[in-house]
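Enquirer: Place chain B on chain A using the hints.
So the sequences go chain by chain: A and B. Start counting the first sequence at 1; every next residue gets the next number (the working numbering). Start counting the second sequence at 430; every next residue gets the next number (the working numbering).
None of these hints come from the bench; they were simulated from the model. Computed from a predicted model, the values in this text were never measured in an experiment. Among the clues, some could well be false.
Said to hold, decoys possible - Only some residues are given here: those of chain B computed to face chain A with a beta carbon under 10 Å:
#1 Y500
#2 S555
#3 S610
Cβ coordinates follow ideal geometry from the N, Cα and C atoms, glycine included.
Protein chains: 2
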Amino acid sequence: MELKAMSKSELEGFYKQACEEYDGYKAKGLALNMARGKPSAEQLDLTEGMLTAVSTNAECYAEDGTDCRNYGIGDGLPEAKKLFAPMLGVSEDEIMVLGNSSLTIMYDNIAKFMVFGTGNGAEPWSIQARDKKLKWLCPVPGYDRHFLITEKFGFEMVNIPTDENGPDMDMIEKLVAEDDSIKGIWCVPMYANPTGVTYSDEVVKRLAAMKTAAKDFRIFWDNAYCIHHLNDTPDKLLNILDEAKKAGNEERVLMFASTSKVTYPGAGVAVMGAAKANIDYIRSLMTVQSIGPDKINQLRHVKFFKDFEGVTEHMKKHAALVAPRFAAVLDELDREIAPLGIAKWTKPNGGYFISFNAMSGCAKRICQLCKEAGVVLTGAGATFPYGKDPEDSNIRIAPTYPPIDELKTAARIFALATKIACAEKLLGK
Amino acid sequence: MELKAMSKSELEGFYKQACEEYDGYKAKGLALNMARGKPSAEQLDLTEGMLTAVSTNAECYAEDGTDCRNYGIGDGLPEAKKLFAPMLGVSEDEIMVLGNSSLTIMYDNIAKFMVFGTGNGAEPWSIQARDKKLKWLCPVPGYDRHFLITEKFGFEMVNIPTDENGPDMDMIEKLVAEDDSIKGIWCVPMYANPTGVTYSDEVVKRLAAMKTAAKDFRIFWDNAYCIHHLNDTPDKLLNILDEAKKAGNEERVLMFASTSKVTYPGAGVAVMGAAKANIDYIRSLMTVQSIGPDKINQLRHVKFFKDFEGVTEHMKKHAALVAPRFAAVLDELDREIAPLGIAKWTKPNGGYFISFNAMSGCAKRICQLCKEAGVVLTGAGATFPYGKDPEDSNIRIAPTYPPIDELKTAARIFALATKIACAEKLLGK
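If we strip away everything but chain A, and leave its shape as in the complex, we get (with noise of 0.2 Å):
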């Protein structure tokens, strides 16, 4: 039964059992965590045999002879551009591979467009940023770490609704066209971050194709989970650069992901893809920037995955590990709460997250009750710039990291937290 069609003596009564089965598992003194896209131990014990794929002096060195233990090679091995090009989809001369991590490489980007500019002459945006407040399109909910970088560096960042084919694309065309001082947009076009959509073709199109006010406006395509799927029927995402090229707009995109949620975080590397003249460019500002990445670990991957087959290969084993565990957390939300009308949420092919969108009002309070049982989620809020949700509906549910029991009891006090903050409101408490 609904929760709006209920009697309010039927709400009392629905509100008073929820909240007897919180308090039983709130003075368990539970401590559990939904918060982060960490992937769990079992995941991160798959990568082990990459920890010897470099053992010893003689196998040290790359295909060409390069000795991967001394300087150089500013962009990445050729054969690691070869391994991760086709996770891109370009080819080997558009494409850097480098350290730790895409993140770090996104706000690099960045900096160096502040201090520099984006090429061929364009005024730094720091430059720009003297007559005008300078601009950032940011499709929510999205991922808190890309509105973190744009606000520390002084963008005013502008929302753009999203829904299941991707951002709102009559608003950013009508945007971009009018306002030169938008600069670029946040994408994650796959599986997003957190709503787990994939950009239809058609957004992937328009955004390659539209005409923008700004020339050196730059779409950041933080492809993080372009391989992350769960399960045999994955989405499909085109190809943005092959987009950008045919509207004569290849200079437009930045391309970005990174083997952390494939082999380790922090110990992986990232990529990045580009039109050969801007990795040229890019790779002209690093030279003062970098003598080269850890190319051993470059090597170490090689070796693990041999090819890219070796890689998809590699997340199929991931996807058995966490799709049991999306599976958990989304059986609990379609018996406790479907029934109920009180929220939705996504169900995505892959990923790392469940985007979960409560009745207005109620996400700061579900948060607070987890958190008061021993659950941590990402905060509510944090899905949008600012950490603003003009709904206070969204929470990010990321369901990788705990171990499955306590991930069913996680979301067993998730799910009763939303029944308790939904009556509340209905009930005007």
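Expert: The following block gives chain B in isolation, referenced to the frame of chain A:
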């Protein structure tokens, strides 16, 4: 006999003989390299044990139970801080242990100060640069990659002469007291690149205590060679952070070092030391940039070295390989060039370089002659800002990388090139 004391016919004979010998080497089509301060393959072989120091899933955990394979620990593992704090002479809350490399961290700190300022409300350098050209002090000869960073960020670089005690402190004190557009200074205070000089206690104290017109003046103390001794009579360097604290200027000093030439260039770890307030400020900026460095690689270092004594013992093995290479070059210069009175050079107790000062106006020609005979040197002028050596005299010799037989040949060709270039100069050719 000194070249200047020769009669013209003696000098012509000397020149002819040198040219004949040089042509003999040139005909061999050699490919030798004394250009960059790279460890030799034998040196890199010393670290083989580190490759397998973390070999199993169970070995991936830090002392406090942290899973080093996963996200987190933004500023370094506690045991890595403990290991490397003595290298900089700081406490464990005055150090960050990061990834590869110290050059990247220095670049990144300047980038941060450009966009965000040095902390405590100081105006960002890029904002200050609207109204006046900012300046940076560069002791010369110095490290080309330092100069490239400050050139790229638009600083006007000011040459500071150096002698056997370090940079000219009278000049520095006068400049920084008067000019608030001077924002920093590059220092390689021990076994300097390229001079091999270690700053005297007086120089360190004066740098720490001097009055600066700019409150946001920063000393970039690149202590790259702090443990890279060549013999049993190492230089000693005063701890500048201690001195700065005594003078009430502790915010002034940022210290850097790395294991690039201890374990592996590229696959080493870099450290930054500073007063706690500086560390806290920089950490606060880093939270939006990184979720954490490569902790598995930090753990490899910890397990391989165990403690700082393990590091210093390891450095003795490096010295055993590097010292004979320095000796090979110095022997050649002592025997072939010293009697001629046409050049001076340093005989450092550590580091990676011999700084060679030829007769004025001869450095470019020496490098050209070497190149034509297959010996690559760092380009003449590279040890000065903008690549401009006003005397065209200084050449940086890097003896560490080539196998010793090749090095002896390269040194012989270098000596011949010096003879030819100086004789040409004196003969007015």
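Enquirer: Look at each hint and say if it fits the structure.
Expert: Each hint, compared with the structure:
1. Y500: 4 Å, holds
2. S555: Hint holds; S555(B) Cβ to chain A Cβ min 5 Å, cut 10 Å.
3. S610: Status violated, d = 18 Å.
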